[in-house]
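*Asks:* Chains as they are written, first to last, in this note's numbering: chain A, 7 to 357; chain B, 337 to 944.
It is worth saying that the hints were derived from the structure and are not from the lab. Beta carbons: idealized from backbone N, C-alpha and C, even for Gly. Careful, some of the hints might be misleading.
To be verified - Which bits of chain B does chain A cover? Going by a derived footprint, with three or more residues having C-beta under 8 Å, they are: (1) 339-349; (2) 608-621; (3) 835-846; (4) 867-881.
Claimed, not checked - With a straight-line cut-off of 25 Å between C-alpha atoms, the simulated DMTMM-like cross-links for lysine to aspartate or glutamate are: (5) A/Lys12 to A/Glu58; (6) B/Lys619 to B/Asp504; (7) B/Lys625 to B/Asp788; (8) B/Lys738 to B/Asp435; (9) A/Lys35 to B/Asp548; (10) A/Lys35 to B/Asp684; (11) B/Lys810 to B/Glu626; (12) B/Lys527 to B/Asp678; (13) A/Lys293 to A/Asp109; (14) A/Lys77 to B/Glu782; (15) A/Lys12 to B/Asp788; (16) A/Lys153 to B/Glu626; (17) B/Lys891 to A/Asp245; (18) B/Lys642 to B/Asp678; (19) B/Lys891 to A/Glu242; (20) A/Lys167 to B/Glu845; (21) B/Lys891 to A/Asp31; (22) A/Lys35 to B/Asp678; (23) A/Lys12 to B/Asp792; (24) B/Lys484 to B/Glu556; (25) A/Lys77 to B/Glu475; (26) B/Lys417 to A/Asp31; (27) B/Lys810 to B/Glu500.
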Amino acid sequence: MTYLAKPRLHHPTLPVNAVGFTRRDYEGKISTLCAGCGHDSISAAIIQACWEMNIEPHRVAKLSGIGCSSKTPDYFLGNSHGFNTVHGRMPSVLTGANLANRDLLYLGVSGDGDSASIGLGQFAHVMRRGVNMVYMLENNGVYGLTKGQFSATADEGSRSKRGVVNTDSPIDTVSLAMIMGATFVARGFSGDKRQLVPLVKAAIRHRGAAFIDVISPCVAFNNHGGSTKSYDYVREHNDAVNRIDFVESRAEITADYEVGAVVDVEQHDGTVLRLRKIDEMHDPTDKVAALNYIQEHQAKGEVVTGLLYLDPGAEDMHAHLGTVETPLNALAEDDLCPGVAMLEKINASLR
Amino acid sequence: MQPTDIRNPSYFHKVVDCQWACPAHTPVPEYIRLIAAGRYTDAYMVNWRSNVFPGILGRTCDRPCEPACRRGRVEERNTEKPEPVAICRLKRVASDLKDDVRALLPGRPSRSNGRRIACIGAGPASLTVARDLAPLGYEVVVYDGDPKAGGFMRTQVPRFRLPEEVIDEEVGYVLDMGVEFRGGERVDSLKAVLAEGYDAVFVGTGAPRGRDLQIPGRFEAGAHIHIGIDWLASVSFGHVDRVGRRVIVLGGGNTAMDCCRSAKRLGGEDVKVIVRSGFEEMKASPWEKEDAMHEGIPILNYLVPKSFEHEDGRLVAMTFEKVKAVYDDTGRRTLVPTGERDARFECDEVLIAVGQENAFPWIERDIGVQFDRWGLPVLDPATMQATLPSVFFGGDAAFGPKNIIWAVAHGHEAAVSIHKFCEGESLDERPDPLSSLVSQKMGIHEWSYDNDISGDRRYTVPWAAAEKALRSIKVEVELGFDASTAYKEAERCLNCDVQTVFTREQCIECDACVDICPMDCITFTADGDEADLRGRLNAPSTRPEQALYVSDALKTGRVMVKDEDVCLHCGLCAERCPTGAWDMQKFLFEMTHAGRRGSPDTTERSAA
């Protein structure tokens with residue numbers, strides 16, 4: 007017997023959301039990843055977030071590169087658009103798609119090999135340009151498809167399953183994304199959906215380059231003692247700086263919390279993130295302080311998670327470039343070929 | 337919450353809803369899998385060991401298993417009309433398609449153990465006692481007033497539901513084990529039987545007297561008014577072969593349904609059923625009501641019989657008072673007259689099927705067998721022993737009218753008691769059931785049961801053409817599933833006996849099982865008491881009577897909680913578990929019958 011399709015039967019009380027779908031309607035094909043892979047939990051978090059936010063599946067585009075992580079878009083949102091690109095080249099294809107049609111929700115799914123090794127250049131530039139997207143990096147620190155060699159995000163001094171010690175310096179993708187200009191930067195853990203689902207929802211609401219690094223243990227090659235990306239290690243060293251309670255417009259916030267423990271961050275489009283602070287020393291709107299905080303705590307071997315940085319006034323690539331608001335596929339021939347008179351006018355302005 | 341103790345066989349037994357609901361605790365999913373595998377003979381033997389009359393029960397059982405079947409619950413809101421697996425009709429398939437099983441049955445014992453047992457009445461309870469005890473060397477004598485054995489099954493279940501060959505076959509299996517049957521010998525004194533020196537006597541005489549209805553006109557028009565159950569017996573023996581054109585059947589139980597359908601076949605053109613209470617409260621099984629209505633028989637409710645009208649000793653009509661149900665604060669119902677004019681229905685014949693009464697005129701009241709104020713024997717409900725220690729009761733004779741499968745269950749318990757009684761052992765120590773729990777893992781994503789859940793709706797059993805069926809009382813109405821339909825229906829079974837077994841020490845809390853579970857059964861959360869936990873599950877717990885499977889604290893301090901309610905037993909949790917913390921293990925549970933010493937031989941033989 008090979009992999010079975012998940013039975014269509016569901017819990018009798020399974021609810022539908024405002025657009026008439028159950029959570030099961032947001033699922034994709036059955037995963038072919040190893041049993042227990044953290045990536046499958048991330049897929050489940052994306053499904054949950056999209057269902058809760060009443061997102062219509064046909065308004066989502068999933069783009070990915072190559073690798074275990076990049077296979078996952080097949081396993082969620084089975085009724086959305088998808089593009090499996092060349093290794094490390096997801097950011098440029100996503101950028102192009104976004105330029106052509108800004109009305110879709112862009113979900114970039116990548117891994118540590120795809121983003122931090124072969125695709126590092128693309129990774130940096132897509133953040134610089136402020137492409138409006140949710141960039142999920144499913145980070146397990148190893149090349150799972152090629153039997154578990156260290157990837158570029160493996161911590162220095164961590165040990166492989168065969169006992170080899172990693173001597174290379176790791177690429178810290180959250181710091182890199184902040185430095186390159188991402189305006190929403192977070193880190194989650196596949197083993198903590200209570201934290202991850204609100205992060206995904208907040209990233210979807212963010213207008214600009216939103217980046218979530220998700221530590222996702224590789225059960226086959228990187229879940230042993232000596233690994234810094236195992237379920238046990240991350241649970242023991244998790245330094246969650248905050249929890250997101252709401253991603254809603256300000257008018258809808260009604261719940262009370264201890265004064266001082268809650269920060270409301272209003273974004274450009276009027277949406278509000280309500281953050282419950284866990285660590286008072288961390289301010290998610292101060293980029294320099296946030297970078298310092300991350301460096302300090304990572305130096306102590308802690309895995310800093312939560313919403314690490316947010317630029318409430320962020321703008322996206324379309325605002326930078328002043329592009330037309332209508333998706334290109336909705337422009338009529340008259341708009342695209344305005345005629346000889348207009349061409350003359352443009353040429354004249356350039357003389 | 338206290339972690340679940342899966343070593344207690346009751347825990348997993350309760351998860352197998354059908355088997356738990358069956359009075360004889362037949363291992364239902366086990367035989368359904370054997371049917372799917374085409375092993376009809378093995379499926380029949382699993383049944384035969386547990387319920388003695390698979391062919392008879394496969395046609396007539398009251399099927400307490402089906403309302404309990406999980407399939408009906410998981411289809412709720414997934415399909416228009418949720419339906420359980422057709423368990424009863426699959427049982428019949430095993431019986432219809434099996435090979436000759438005689439070589440598999442225990443033969444006559446090579447020698448007697450010197451003990452003699454009398455069974456009074458040759459119905460399912462007595463025959464079960466005989467079957468359990470005869471192979472152990474007991475000399476069993478079965479008495480019955482009728483010339484043939486079978487009791488109620490032979491005399492009162494109409495032939496169009498249960499052909500006589502099926503009764504002959506299965507009753508024969510029991511009698512062929514060296515049981516002495518004294519047909520046509522009606523026992524009229526228990527004292528006399530005891531005087532014959534039997535080591536123990538089992539009373540399985542059923543509840544033979546139908547209740548009468550004493551209202552004006554009953555005596556005068558008596559020639560055309562019959563007690564339903566007696567009338568059915570007369571039909572069965574061919575003494576009655578026609579009925580009046582307009583027939584009223586009084587009563588709402590399964591006997592009433594048998595009466596009206598029989599009347600329809602004996603010339604009744606205008607046959608109607610009239611009940612005192614509401615249609616919903618009728619005691620008849622829903623499918624029996626459906627079958628009757630399918631044959632064009634109306635069921636009128638909220639009509640209380642008032643009188644029989646007669647002219648010159650001839651019945652002409654019945655009058656009924658119209659009532660309605662009124663509920664008081666405690667929910668108790670009373671029927672109060674609506675004050676409308678009485679209803680009057682013309683009729684030529686009336687069949688009274690308003691219940692059965694117990695009667696033991698042949699048991700002397702001075703021999704030590706005590707009766708309660710309802711006329712039922714005073715019994716130990718676990719051992720079936722009467723106040724006279726050598727006398728045991730079972731079937732309808734014990735606690736009033738029930739059904740065949742209960743009679744079988746009583747028979748098994750009584751046989752255990754009689755054996756212990758004869759061996760001088762304490763009757764209160766009941767033998768433990770046999771149970772085994774074996775992993776079904778064959779390889780990666782490979783199990784020894786078919787875990788691909790069928791999405792099919794319940795298949796309907798084909799019927800004989802109505803014209804043909806209604807023309808004769810002896811033509812069997814249901815034709816039974818053919819092999820390919822039986823396979824498809826068997827595949828609807830969720831294999832609830834293949835249990836999800838959780839090993840806390842192996843769990844790394846990766847959430848893979850939570851993510852894959854199609855029914856959202858599994859939750860990892862902080863511990864709490866049961867009510868609290870039920871409020872914090874991933875999917876609401878809607879049936880508190882269904883157990884929660886709770887682990888001890890895991891590494892993070894949380895516990896694993898699984899709501900057993902709507903689990904499909906698809907095994908995807910185990911397939912997605914990286915460490916083998918979840919495993920699918922087949923739980924086989926069998927009641928221990930008389931003389932069995934906990935040897936698991938049958939378990940091994942039937943293991944798929």
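*Asks:* A separate judgement is required for each hint: does it hold in the structure or not?
*Replies:* Results for each hint:
1. 339-349: violated (count 0)
2. 608-621: With 0 residues closer than 8 Å to chain A, the region 608-621 of chain B misses the three-residue bar; violated.
3. 835-846: holds (count 3)
4. 867-881: holds (count 3)
5. A/Lys12 to A/Glu58: Holds, at roughly 21 Å.
6. B/Lys619 to B/Asp504: Roughly 29 Å between the alpha carbons, so the hint for B/Lys619 and B/Asp504 is violated.
7. B/Lys625 to B/Asp788: violated, 34 Å
8. B/Lys738 to B/Asp435: violated, 32 Å
9. A/Lys35 to B/Asp548: violated, 65 Å
10. A/Lys35 to B/Asp684: violated, 67 Å
11. B/Lys810 to B/Glu626: holds, 20 Å
12. B/Lys527 to B/Asp678: violated, 51 Å
13. A/Lys293 to A/Asp109: violated, 29 Å
14. A/Lys77 to B/Glu782: holds, 24 Å
15. A/Lys12 to B/Asp788: Measuring from Cα to Cα gives roughly 9 Å; hence the hint holds.
16. A/Lys153 to B/Glu626: violated, 63 Å
17. B/Lys891 to A/Asp245: holds, 18 Å
18. B/Lys642 to B/Asp678: Judged against 25 Å, a Cα distance of about 9 Å means the pair holds.
19. B/Lys891 to A/Glu242: Holds, at roughly 10 Å.
20. A/Lys167 to B/Glu845: Given pair A/Lys167, B/Glu845 holds - Cα atoms ~20 Å apart, limit 25 Å.
21. B/Lys891 to A/Asp31: violated, 33 Å
22. A/Lys35 to B/Asp678: violated, 65 Å
23. A/Lys12 to B/Asp792: holds, 15 Å
24. B/Lys484 to B/Glu556: Measuring from Cα to Cα gives roughly 35 Å; hence the hint is violated.
25. A/Lys77 to B/Glu475: violated, 72 Å
26. B/Lys417 to A/Asp31: The hint holds at about 22 Å.
27. B/Lys810 to B/Glu500: Holds - the C-alpha atoms of B/Glu500 and B/Lys810 are around 9 Å apart, at most 25 Å.
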